[in-house]
Amino acid sequence: MSNHAPEKSSMENLVDSYLHELIQMPDDYLLEGIDRKKTASFGIGMLQRARAEAGRRRLIIAKAGVKSVTEQASMSSRVVISISEAQAYIRKASNSSLFTLAARELDEMSDNDIMRLYQQIRELEAIAHKGSKS
Amino acid sequence: MGATDQSMDRLSRDEIQCLFENFSDADWVRAEKSARILAHGLIGVSWEDILQESITKLLLGERTLPRHVIPMVALQKIMRSEASNYRKSFRNSGIDTTVIVTEDELPDSQTVIAFNHISPERIVSASDELNHIYDALGNDPELQMVAMAWADGLKGAEAADAAGLDAQSYDAARKRLGRKLDALAVEGKNHE
Numbered sequence: 001m002s003n004h005a006p007e008k009s010s011m012e013n014l015v016d017s018y019l020h021e022l023i024q025m026p027d028d029y030l031l032e033g034i035d036r037k038k039t040a041s042f043g044i045g046m047l048q049r050a051r052a053e054a055g056r057r058r059l060i061i062a063k064a065g066v067k068s069v070t071e072q073a074s075m076s077s078r079v080v081i082s083i084s085e086a087q088a089y090i091r092k093a094s095n096s097s098l099f100t101l102a103a104r105e106l107d108e109m110s111d112n113d114i115m116r117l118y119q120q121i122r123e124l125e126a127i128a129h130k131g132s133k134s
Numbered sequence: 135m136g137a138t139d140q141s142m143d144r145l146s147r148d149e150i151q152c153l154f155e156n157f158s159d160a161d162w163v164r165a166e167k168s169a170r171i172l173a174h175g176l177i178g179v180s181w182e183d184i185l186q187e188s189i190t191k192l193l194l195g196e197r198t199l200p201r202h203v204i205p206m207v208a209l210q211k212i213m214r215s216e217a218s219n220y221r222k223s224f225r226n227s228g229i230d231t232t233v234i235v236t237e238d239e240l241p242d243s244q245t246v247i248a249f250n251h252i253s254p255e256r257i258v259s260a261s262d263e264l265n266h267i268y269d270a271l272g273n274d275p276e277l278q279m280v281a282m283a284w285a286d287g288l289k290g291a292e293a294a295d296a297a298g299l300d301a302q303s304y305d306a307a308r309k310r311l312g313r314k315l316d317a318l319a320v321e322g323k324n325h326e
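Here the protein sequences line up with chains A and B, keeping their order. End of the first sequence = 134 in my numbering, gap-free, step of one. End of the second sequence = 326 in my numbering, gap-free, step of one.
Everything labelled a hint here was simulated from the structure, so no lab data went into it. Do not take every clue at face value.
Stated by the list, open to error - Heads up, simulated EDC-like pairs for lysine to aspartate or glutamate below, C-alpha to C-alpha not over 20 Å straight-line: (1) A:Lys38 / B:Asp262; (2) B:Lys309 / A:Glu108; (3) B:Lys314 / A:Glu32; (4) A:Lys92 / A:Glu108; (5) A:Lys8 / B:Asp262; (6) B:Lys314 / A:Glu12; (7) A:Lys37 / B:Asp161; (8) B:Lys191 / A:Glu53; (9) B:Lys309 / A:Glu32; (10) B:Lys211 / A:Glu7; (11) B:Lys314 / A:Asp28; (12) A:Lys37 / B:Glu155; (13) B:Lys314 / A:Asp35; (14) B:Lys314 / A:Asp27; (15) B:Lys211 / A:Glu108; (16) B:Lys309 / A:Asp27; (17) B:Lys309 / A:Asp28; (18) B:Lys309 / A:Asp35; (19) A:Lys63 / B:Glu196; (20) A:Lys38 / B:Asp159; (21) A:Lys37 / B:Asp159.
Unchecked claim - Computed, partial: chain A to chain B, Cβ under 7 Å: (22) Met11; (23) Asn13; (24) Leu14; (25) Asp27; (26) Ala64.
This one's a predicted model, so the numbers in the text were calculated from it and none came from an experiment. Even for Gly, the Cβ is constructed at its ideal location relative to N, Cα and C.
With the hints as constraints, model all of the structure from the sequences given.
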């Protein structure tokens with residue numbers, strides 16, 4: 001198997017050679033006719049802009065990280081349980097004075113409805129718990 | 135090689151920042167000229183964008199600067215890669231910016247949003263571009279010879295030999311050719 005890099009075009013070669021020569025050229029060649037003040041302030045400005053942009057991106061990444069942690073925490077609070085466990089929990093909750101559950105047979109509900117109901121009960125419990133504390 | 139060994143091989147972010155803070159005027163001129171030629175042919179993305187993006191990624195640690203490589207060489211490689219990414223993004227964007235849409239062709243009550251901020255490159259074949267350069271050097275056979283040597287992938291003394299120039303004449307010729315290339319890069323930009 002060949003690991004050769006793809007052959008460069010003549011134009012790419014020319015650019016390569018120019019870039020190479022730029023490195024080799026003495027400083028005074030490059031600075032001939034150049035406004036040194038302008039060049040210096042360009043450099044400072046360029047670095048400032050790059051630094052500001054890097055800071056902005058770091059902030060976005062940090063915010064995304066916080067959001068992801070919050071979402072993970074929220075997901076983990078949604079305990080993974082089986083349908084039968086959820087049904088048992090709902091039956092128990094239906095005896096509580098906190099909830100008025102429709103007289104509907106749990107067995108007739110779809111799995112999705114059971115899980116949704118279970119989640120709602122847990123959330124209402126959490127709110128009630130919070131309210132009783134304050 | 136462990137992670138620590140690898141990180142020792144590269145400049146840290148602080149070192150990179152320090153490096154740019156201590157860039158000489160000549161270094162900034164090299165960076166500018168390199169960015170100009172590498173951004174040549176890109177529309178909507180300036181050479182300054184290419185340079186800034188490269189420095190930004192170095193500061194973020196998304197690009198690295200190996201200790202054993204001359205920093206300017208590494209910066210040129212990063213800029214080349216950035217310019218190449220913009221070109222690829224354009225090719226994959228499917229936007230045809232050669233189409234000019236007049237105001238009355240735009241649908242009413244709609245905001246036209248550029249969904250891809252990466253602008254397209256002008257599609258000019260490499261050979262057309264090279265011929266354009268040769269044409270621009272028409273009155274200076276020395277420059278043409280050097281340009282041809284460079285296009286053949288030759289550099290430095292080899293290029294001087296191929297162009298039949300002594301070291302002094304080659305120095306002067308590469309300086310003039312550099313100026314021509316800078317001017318062509320600027321001219322390309324003005325035509326966008």
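Enumerate the violated hints, using their earlier numbering and listing them in ascending order. 1, 2, 15 and 26
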